[in-house]
Amino acid sequence: MKKAMMTLMMAAAAATLLAGCSSSEGGNAAGTTAAASADTAAGAAEGSYTIGIGQYAAHGSLDNCREGFLEGLAEEGFVEGENLTVLYENAQADGSIASQIATNFASQKVDLLCGIATPMAQSAYGVGRRNDIPVIYTAVTDPVAAELANADGTPVGEVTGTSDKLPVEEQLEMIRAILPDAKTIGILYTTSEVNSISTIEEYKAAAPDYGFEIVETGISTTADVPLAADALLGQVDCLSNLTDNTVVASLPVILDKANALGIPVFGSEIEQVRIGCVASMGLDYIELGRQTGRMAAAILSGEKKASEMNYEIIEEASFYGNTAAAEALGITLPEELTASAAELFTEIAAE
Amino acid sequence: MTQLIGILEEGFIYAIMALGVYITYKILDFPDLSVDSTFPMGAAITASAILAGMNPVLTLFLSFAAGALAGCVTGLIHVKLKVRDLLSGIIVMTALYSINLRIAGGRANVPIFSQQTIFENGFLDARIPSALAPYTIVIILFLITLVCKVLLDLYLKTRSGYLLRAVGDNEVLVTSLAKDKGLVKIVGLAIANGFAALAGCIYCQQKGFFEISVGTGTMVIGLANVIIGIQLLKRFSFIRSTTAVIVGSIVYKACVSLAITHGMTFGLEANDLKLITAVLFLLILVISRDRRKKVKAHA
Numbered sequence: 001m002k003k004a005m006m007t008l009m010m011a012a013a014a015a016t017l018l019a020g021c022s023s024s025e026g027g028n029a030a031g032t033t034a035a036a037s038a039d040t041a042a043g044a045a046e047g048s049y050t051i052g053i054g055q056y057a058a059h060g061s062l063d064n065c066r067e068g069f070l071e072g073l074a075e076e077g078f079v080e081g082e083n084l085t086v087l088y089e090n091a092q093a094d095g096s097i098a099s100q101i102a103t104n105f106a107s108q109k110v111d112l113l114c115g116i117a118t119p120m121a122q123s124a125y126g127v128g129r130r131n132d133i134p135v136i137y138t139a140v141t142d143p144v145a146a147e148l149a150n151a152d153g154t155p156v157g158e159v160t161g162t163s164d165k166l167p168v169e170e171q172l173e174m175i176r177a178i179l180p181d182a183k184t185i186g187i188l189y190t191t192s193e194v195n196s197i198s199t200i201e202e203y204k205a206a207a208p209d210y211g212f213e214i215v216e217t218g219i220s221t222t223a224d225v226p227l228a229a230d231a232l233l234g235q236v237d238c239l240s241n242l243t244d245n246t247v248v249a250s251l252p253v254i255l256d257k258a259n260a261l262g263i264p265v266f267g268s269e270i271e272q273v274r275i276g277c278v279a280s281m282g283l284d285y286i287e288l289g290r291q292t293g294r295m296a297a298a299i300l301s302g303e304k305k306a307s308e309m310n311y312e313i314i315e316e317a318s319f320y321g322n323t324a325a326a327e328a329l330g331i332t333l334p335e336e337l338t339a340s341a342a343e344l345f346t347e348i349a350a351e
Numbered sequence: 352m353t354q355l356i357g358i359l360e361e362g363f364i365y366a367i368m369a370l371g372v373y374i375t376y377k378i379l380d381f382p383d384l385s386v387d388s389t390f391p392m393g394a395a396i397t398a399s400a401i402l403a404g405m406n407p408v409l410t411l412f413l414s415f416a417a418g419a420l421a422g423c424v425t426g427l428i429h430v431k432l433k434v435r436d437l438l439s440g441i442i443v444m445t446a447l448y449s450i451n452l453r454i455a456g457g458r459a460n461v462p463i464f465s466q467q468t469i470f471e472n473g474f475l476d477a478r479i480p481s482a483l484a485p486y487t488i489v490i491i492l493f494l495i496t497l498v499c500k501v502l503l504d505l506y507l508k509t510r511s512g513y514l515l516r517a518v519g520d521n522e523v524l525v526t527s528l529a530k531d532k533g534l535v536k537i538v539g540l541a542i543a544n545g546f547a548a549l550a551g552c553i554y555c556q557q558k559g560f561f562e563i564s565v566g567t568g569t570m571v572i573g574l575a576n577v578i579i580g581i582q583l584l585k586r587f588s589f590i591r592s593t594t595a596v597i598v599g600s601i602v603y604k605a606c607v608s609l610a611i612t613h614g615m616t617f618g619l620e621a622n623d624l625k626l627i628t629a630v631l632f633l634l635i636l637v638i639s640r641d642r643r644k645k646v647k648a649h650a
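As they're listed, the protein sequences go chains A and B. Heads up: the first sequence runs through residues 1 to 351, numbered per the working numbering. Heads up: the second sequence runs through residues 352 to 650, numbered per the working numbering.
All the given hints hold, so there is nothing to weed out.
For the chain B half of the interface with chain A, some residues (derived, Cβ under 10 Å), not all of them:
no.	residue
1	Ser449
2	Ile463
3	Phe464
4	Ile488
5	Gln557
6	Glu562
7	Ile572
8	Lys625
To list a few chain B residues with every Cβ distance to chain A over 10 Å, as calculated:
no.	residue
9	Ala400
10	Ala403
11	Ala529
12	Phe632
Stretches of chain B that chain A covers, calculated by requiring three or more beta carbons in the stretch to come under 8 Å of a beta carbon on chain A:
no.	segment
13	453 to 461
14	563 to 571
15	594 to 608
Hint data in this document are derived by calculation from the structure and do not stem from the laboratory. Just so you know, these numbers come straight off a predicted model, no measurement behind them. C-beta: ideal position from N, C-alpha, C; glycine also.
Use the sequences and the hints to build the structure in full.
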């Protein structure tokens, strides 16, 4: 029995060691071929680089950010599998895992840390500043409140990135155009998400200008969503979503309840409209990721330091509409909006 | 090397919390869920106090005191209001979620990157030789954890400490000694939650920010640390349980770290992280269980 146990432990240890070796060999091999191809091809980036991408949670918007980020890097000549090794981990919305992921990336001597969503970005910066690794972030709504940037937009250290601040005014204007008679807008948000709290403040400040009143309901976990949605839907003419991670993840439940009552739900970005929100003036997270990727490329190539770049936001909000969702509620999307739409969905995608 | 340091740093922070869980779960046999909220409470208090200009070292004591107070509440609800153990923890955990948000000034995320902490301050910068600089954090954490462990060991040898152990083993005995077993439980819960809040305080200072979600799953981590440590070091009877808990905590974080580093190599995805961690725990527990079986067979 004792022998059996020892064998098992040895096997486990050996497996770990082997795994360690194979991963570093893989990395080196990729590195050398990458260097070769970079010389022959564009030659934009010499040598090989390793970056660690930590994503706070798994949902459509953040996944799009990551996809866009890699595209942005590729545009500038940093191609995954050629001259770029990408380590990717998902914290699954667990704060303690987020910081451990960042620590692990640092121990693997990455050239750049990328944090997607606020808690991950802070964890990455917490580790990066102690190990002299530049940090780039995306999908952080308020980098100033998160102490990743100073009030004037300059970075607090070797850290910069992009913000996914919502175009609140444009969203309110759009809702007014689609629902001329609506008076109240309901917003569901998670009390633990700073992004949501600061956006709600903006909504409240801007709403009177468009003749709206904001009714908000805070939840603390996914399990609260159905009850909170029921309570909120009884008091409002429509719902508008934020980029709240918990609420967005439960969107199908909310849509189901809202549709049953004939109350339109407005999204905050393309993925939400795809799965059945009526419309949204929102960000294209792939584009946001791409912009971040280009900034990362500038840091990797040594063209600029992270501390020399202010954080960026996407200036233009685009219109996304779902004609099928609108028809189901007996709403017609105004011509002037659909004409300039970035994308119009004609069916509700099953998630 | 950096990975090892990272594991030790995380392991020590959670070991302090696990010492608390050791008191409630192993000694008192009380499944205390309030640690899920006293851990972030320590972090919230620390972030707010440091921003208000308090000395970072003092926040350690303040957090412990606040955690102990919350532990008392759990104990009072259980002992005086006769609410079941698990439920009293849940009640306090739920209530503290809102209270924590209030402590943090209504914000779910409070960064203190630019502030002085126990790990980064003028006092240390002037005294730590540059060769040791990368290890400053891990050394400080080791010292704090050691102090906590030694204090707990000493406490468990006092009169009150013996009563604490007696309540877990045999409540009737304590009553027959004309001691109030309820009071002993409250004291145990207070110490346990004090440790959890202290761990939260240190966590916040090391990471540089408070985030309301850090507490989720704290009790589960604590339980895993206690069980892994005690199972793993069972055969070495000269090792104290408190030491075993600290070892367990480091082993736990090593498992998570291995899962993060090597998960992808086995063709697994980032999303499989928790599954890998779970499999590693199971492996450890199965290995140490075999050992116990063997002893029984021979006995």
